[in-house]
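> Go by the hints and put chain B onto chain A.
If you read the sequences in order, they're chains A and B. Heads up: the first sequence runs through residues 4 to 314, numbered per the numbering used here. Heads up: the second sequence runs through residues 5 to 280, numbered per the numbering used here.
Hints listed in this document are in silico derivations from the structure and should not be mistaken for laboratory results. There's no promise every hint is true.
[What the hints assert, rightly or not] Once the Cα atoms are required to be at most 35 Å apart in a straight line, the calculated DSBU-like pairs of lysine-lysine come out as: (1) A:K142 with B:K245; (2) A:K217 with B:K21; (3) B:K152 with A:K139; (4) B:K276 with A:K141; (5) B:K276 with A:K23; (6) A:K145 with B:K21.
[Said to hold, decoys possible] Non-contacting residues of chain A with respect to chain B, defined by C-beta distances greater than 10 Å in every case (computed): (7) R81; (8) T225; (9) R235.
The C-beta atom is built at its ideal place from N, Cα and C for all residues, glycine as well.
Chain by chain, the residues run as shown.
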Amino acid sequence: MLAISTSHLSKTYTSGFRGKHQVNALQDFSLEVESGQIFSLLGPNGAGKTTFIKILLSLTRQTGGSAMIMEHEVSDDRARLAVGYLPENHRYPGYLTGEQVLRSFGALSGVTGPLLQARTMSLLELVGMKDWRNVKVKKYSKGMMQRLGLAQAMINDPDLLFLDEPTDGVDPVGRAEIRDLLRNLKTRGKTIFLNSHLLSEVELISDRVAILDKGRLLRVGTVDELTTSGERYQIGIEGMLPEAFLVEAAAKVLTFSQTQSSLTVDVGSIAELNALIDMLRRHQVSIVSIAKERSTLEESFLNLIKREVAS
Amino acid sequence: MKLLALIRMTLRELAAKATIIILAAISTIVLLGLAAAVSTNVTADGTVLQMFGQQASPPLAEEQIVTTIRGLQAGLAGGLFTGIILFGIFATAGVIPDALEKGTVDLYLSKPIARWELLLGKYLGAVVAIFVNVLYFMIGAWLIFGLKCHVWDFQVLLATLTITFMFACLYAIVAFLAVLTRNTAVSIILVYLYLFVLGPILQNREATLYLISENTVYRGIVDGLYYIFPQLDAMRAGGAKQLLVQGMDWKPFVQSMLSASAFFFGGAVLLKRRDF
Chain A
4 MLAISTSHLS KTYTSGFRGK HQVNALQDFS LEVESGQIFS LLGPNGAGKT
54 TFIKILLSLT RQTGGSAMIM EHEVSDDRAR LAVGYLPENH RYPGYLTGEQ
104 VLRSFGALSG VTGPLLQART MSLLELVGMK DWRNVKVKKY SKGMMQRLGL
154 AQAMINDPDL LFLDEPTDGV DPVGRAEIRD LLRNLKTRGK TIFLNSHLLS
204 EVELISDRVA ILDKGRLLRV GTVDELTTSG ERYQIGIEGM LPEAFLVEAA
254 AKVLTFSQTQ SSLTVDVGSI AELNALIDML RRHQVSIVSI AKERSTLEES
304 FLNLIKREVA S
Chain B
5 MKLLALIRMT LRELAAKATI IILAAISTIV LLGLAAAVST NVTADGTVLQ
55 MFGQQASPPL AEEQIVTTIR GLQAGLAGGL FTGIILFGIF ATAGVIPDAL
105 EKGTVDLYLS KPIARWELLL GKYLGAVVAI FVNVLYFMIG AWLIFGLKCH
155 VWDFQVLLAT LTITFMFACL YAIVAFLAVL TRNTAVSIIL VYLYLFVLGP
205 ILQNREATLY LISENTVYRG IVDGLYYIFP QLDAMRAGGA KQLLVQGMDW
255 KPFVQSMLSA SAFFFGGAVL LKRRDF
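One chain only, chain A, in its complex shape (with noise of 0.2 Å):
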């Protein structure tokens, strides 16, 4: 089932008299995000990636193309009802407390008495907030107003869960902590949307990826999909290279970077690449490891976004 589809999605911004200035927000966005999985949005400021959550959460209404969740139009008012939401720079009522917010936001969800004073409760512990639960909000710390909205976003125990920076403010135990939780609604079958900076983070939980500037989606695909650079391969090896070998290697014109215990090599193709790994071992160099050469996502979003600004 897909938990989120669009297909030509766009948006515009108008102002100015007649609308004379014009923003393209999002243009001809097309994507799909099956049920269960960690899907992650990236992209520069101004990307595009608040327009599009707030389009499938109806806050927003597109110019163009549609939007479904849960296999409902975002127009729906039901398309909501299996749906949480942490939005970025959230603003609960100071004048509640954090039980008060969750009973209050959850009575809004549709979820009621006995299931949801037990829901609160749950939740108030598994974020971590339960001693502080009669406490008023405007005394809560950033990284507690995360978590509470943490909380209030599951209240509904939703299907869907859109995260908009979860883990801003919050200490570096508490993002290990929203990380696992992540994880384990994931084990549960829930789908999570997120959007975050951090894309360590993001590279450490999630299943796909989409990146998105200037209101175009680049790319969507796995992580590792995103961070395997090329057919760039890193041999390990013991001891130094044989004098033979680098003679024979320079005969062949083959280029590679060497380091003490390591040798760096790009290749054209897998015969290629074996082809070389018997040229090694035919000079008696002992192989301990090859791996195929990745980039972290913060470097293939940079050259992404690097490339999509040169072009």
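What follows is chain B alone, placed relative to chain A:
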């Protein structure tokens, strides 16, 4: 249930604001003053109305004292209405713009509630808060006139509904302006501008705006403008007649209800079309 949750949140918000507490405190002070001031004394010639222990009327027959007390109650209700208009609007005008602020509206609208439900919940929350305040005052006044003057007049309690209805009609304009401007201060200024400038001019249009031109189209527009808004003065006069048991003219109430519905509907349409 969702609507009730919104009303409950709004009541909590208003309870947390000092303004609505001050409104209740002012009501308490006025009631204490009333309790200290008004009383009746039965003499051989009839019942004498007393203010602060001093004779304030000649000896009156029972029917006359009831009529006098009803006059006092009508004056009190009129004063309360003015107070509610001035202070109640000020105390509750922020409810809708606050809910539409960035970071807050996202939380509300990400829930499975329609936008008109959000507006209605906030609107009803403010109206219920004012109703509770007016009811508190009117029950107090009813008890004071009953215990101290022996006039137990249920019309006083009915005035709670009349005053709340008048407030609700005016608050529909506030709701519309709040959605339009998303600014509490601007909403208050515009509604006060209507109350103190545009409203009186339209009310007395024959002596003001009619003088500008005798053109029938122009005068039709002026009349139309008058009937677009709730007829507060006519309702106030109707409410006073109700307290004096002189019958009730329902026409301004019906017209005002239609006007308020139109303003609320306009606000709901604006809200539905808005991007957040």
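> Give a verdict on every hint.
Against the structure, the hints:
no., hint, in the structure
1, A:K142 with B:K245, "51 Å, violated"
2, A:K217 with B:K21, "43 Å, violated"
3, B:K152 with A:K139, "44 Å, violated"
4, B:K276 with A:K141, "30 Å, holds"
5, B:K276 with A:K23, "23 Å, holds"
6, A:K145 with B:K21, "24 Å, holds"
7, R81, "7 Å, violated"
8, T225, "28 Å, holds"
9, R235, "43 Å, holds"
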